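Q: Each residue of the sequence shown is one higher than the one before, counting from 0 in numbering that gives the first Met the number 0.
Keep in mind that the hints were calculated from the coordinates and are not lab data.
This structure is a prediction, so every number in the text was calculated from the model and none was measured.
Where is the CB? At the ideal position from N, CA and C, for every residue including glycine.
Hints are supplied without guarantee of correctness; some may be wrong.
What the hints assert, rightly or not - Ranges between beta-carbon positions, derived for each pair:
#1 Gly87 x Arg167: 25 to 33 Å
#2 Leu259 x Asp187: 17 to 25 Å
#3 Asp194 x Gly262: 19 to 27 Å
#4 Pro265 x Val210: 20 to 28 Å
#5 Asp94 x His200: 35 to 43 Å
#6 Gln83 x Arg252: 39 to 47 Å
#7 Phe226 x Tyr205: 23 to 31 Å
#8 Pro82 x Phe226: 39 to 47 Å
#9 Pro301 x Gly52: 55 to 63 Å
#10 Asp194 x Ala274: 29 to 37 Å
#11 Leu267 x Asp51: 48 to 56 Å
#12 Ser284 x Gly116: 26 to 34 Å
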Amino acid sequence: MTSAFATGGDHRSMPLPDGLDGMRLDQAVSRLFGLSRTAAAGLVDAGDALVDGVARPNSYKVKAGSWLEVTLPAPPAPPTVVPQAVPGLTVVHADDDIVVVDKPVGVAAHPSPGWTGPTVIGGLAGIGHRISTSGAAERQGVVHRLDVGTTGIMVVAKSEQAYTALKRAFKYREVEKRYHAVVQGHPDPLRGTIDAPIDRHPHHDYRWAVVSGGKPSITHYDTLEAFPSASLLDVRLETGRTHQIRVHFSTLRHPCVGDLTYGADPTLSARLGLARQWLHARSLSFAHPGTGERVTFVSEYPDDLARALDILRD
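Using the sequences plus the hints, can you model the full thing?
A: Quick look at the structure:
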């Protein structure tokens with residue numbers, strides 16, 4: 000019996016290695032083929048992962064040497080940029096090198112697999128902005144991102160020189176990124192630094208977490224205003240990990256108000272009328288890639304966040 004893959008299109012078969020002996024079937028499929036646990040479980044549920052020719056449940060404990068046959072899904076088509084009108088997307092500044100936008104809620108930075116909603120890049124293309132061609136085709140000009148549910152200031156590179164300069168500035172922490180966040184409770188101390196590594200959550204594909212051995216992640220914060228049940232913070236990011244602010248404050252048991260994914264109180268979220276996290280990219284400050292001059296761009300709170308603050312202040 001050979002230990003090499005025998006492949007036929009997207010169908011693969013191999014003996015289970017000794018190191019997977021006693022492991023759940025979905026976990027074994029995940030490990031062998033680099034799939035998420037959710038994707039692996041979906042294959043097993045669909046009968047696309049057979050052990051010795053027999054479909055088994057996800058909880059089935061595999062044995063070393065058993066023959067595993069898996070039919071992998073066809074790779075998704077690469078996402079493409081579709082020019083479109085994006086309501087609420089505001090151009091704050093534009094020149095030959097950069098375009099700075101105020102991103103509304105519900106808009107992704109760029110196309111990605113599984114996302115069918117509006118994007119910043121598609122919106123800019125829809126109003127005629129030519130974007131840098133550096134980077135992956137669907138991410139052209141994107142030098143940093145905001146979550147779909149996070150509003151505020153974003154800069155996109157229009158020239159190749161600007162793309163290179165801005166990517167370098169973000170990498171070497173020369174860009175000052177300030178966010179405002181309303182978190183539950185009152186952080187102690189009222190001003191401080193959170194230095195805790197972040198990586199993918201070990202059990203939830205869509206979440207991130209403070210994980211030993213994760214990527215270094217540093218968040219500085221200062222309390223601007225305190226309410227009975229929450230605090231308005233000014234947050235400065237030294238690093239830029241996915242969901243960094245949301246993860247760090249959730250870990251401190253002060254999740255962003257409205258952020259049900261990371262443990263926010265749904266009763267408070269409902270009282271404030273929030274359907275997403277109270278988190279806003281307030282300002283960006285960086286050396287303009289064309290002139291070298293230090294520039295700063297600021298975004299006002301959108302209506303839903305402003306209303307929630309008014310309720311907290313009453």
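Q: The structure should be examined with respect to each hint, and the outcome stated for every one.
A: Taking the hints in turn, this is what the structure says about them:
no., hint, verdict
1, Gly87 x Arg167: 25 to 33 Å, "holds, 31 Å"
2, Leu259 x Asp187: 17 to 25 Å, "holds, 24 Å"
3, Asp194 x Gly262: 19 to 27 Å, "holds, 21 Å"
4, Pro265 x Val210: 20 to 28 Å, "holds, 26 Å"
5, Asp94 x His200: 35 to 43 Å, "holds, 40 Å"
6, Gln83 x Arg252: 39 to 47 Å, "holds, 40 Å"
7, Phe226 x Tyr205: 23 to 31 Å, "holds, 30 Å"
8, Pro82 x Phe226: 39 to 47 Å, "holds, 43 Å"
9, Pro301 x Gly52: 55 to 63 Å, "holds, 56 Å"
10, Asp194 x Ala274: 29 to 37 Å, "holds, 31 Å"
11, Leu267 x Asp51: 48 to 56 Å, "holds, 52 Å"
12, Ser284 x Gly116: 26 to 34 Å, "holds, 29 Å"
The earlier numbered hints are all upheld by this structure, with none contradicted.
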